[in-house]
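K.L.:
Counting in our numbering, the sequence shown runs from 645 upward without gaps.
There may be inaccurate statements among the hints.
[Claimed, not checked] Each computed DSS-like pair below joins lysine-lysine, with the alpha-carbon atoms no more than 30 Å apart:
hint	residue 1	residue 2
1	K770	K725
2	K725	K763
3	K770	K718
The hints are simulated quantities; they were obtained by calculation from the structure and are not laboratory data.
Please read all numbers here as calculations on a predicted model, not as lab measurements.
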Amino acid sequence: MDLLIWILIAFLFILSFAGLIYPVIPAVLLIWAGVALSHFFLEASVSWWTWSSLVLLTVIIFAADYAANMYFVKKYGSSKKGMTAATIGIIIGSFIIPPLGIIVVPFLLVFAAEYLQNKSFSLSVKSALGTLLGFLTSTLAKGLLQLIIILIFLADVIFL
Numbered sequence: 645m646d647l648l649i650w651i652l653i654a655f656l657f658i659l660s661f662a663g664l665i666y667p668v669i670p671a672v673l674l675i676w677a678g679v680a681l682s683h684f685f686l687e688a689s690v691s692w693w694t695w696s697s698l699v700l701l702t703v704i705i706f707a708a709d710y711a712a713n714m715y716f717v718k719k720y721g722s723s724k725k726g727m728t729a730a731t732i733g734i735i736i737g738s739f740i741i742p743p744l745g746i747i748v749v750p751f752l753l754v755f756a757a758e759y760l761q762n763k764s765f766s767l768s769v770k771s772a773l774g775t776l777l778g779f780l781t782s783t784l785a786k787g788l789l790q791l792i793i794i795l796i797f798l799a800d801v802i803f804l
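Please build the complete structure, drawing on both the sequences and the hints.
P.N.:
Here it is as structure tokens:
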């Protein structure tokens, strides 16, 4: 039975990284589901330090996602409509030619949103690029933080 639980935990951890490409998959919650499986169904106990670290890193993931996006949106002059277009584009793009769709579709929608607000072609491209950089930066940050969460959990379960 333990082997089956560990396989399920590994599956949830791997699936959490798919959440970086498919935003409809709740990536961090899948990691927490794996940790919960360990807690409730295995004799592998997790220390208070690990629980605290997981909570802190989860909060940092959400903050980093927001901060990276806002930084690039503001730096490259995207409007609120452009940011909304990016969000819609990421969701739609994750289902259209994934994973390329999460890059192309938001870029095109942000460009269109900015251009339709009477911004010049170059400013619209700049806003679309800024939104794209924000998404890529936040995705990289989330991926690294998810990996750190998983490694902290595994280190605690294996070595402590």
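K.L.:
Against this structure, judge whether each hint is valid.
P.N.:
Verification of the hints:
1. K770 <-> K725: With Cα atoms ~15 Å apart, K770 and K725 stay inside 30 Å; holds.
2. K725 <-> K763: holds, 12 Å
3. K770 <-> K718: holds, 11 Å
Hint violations for this structure: none, all hints satisfied.
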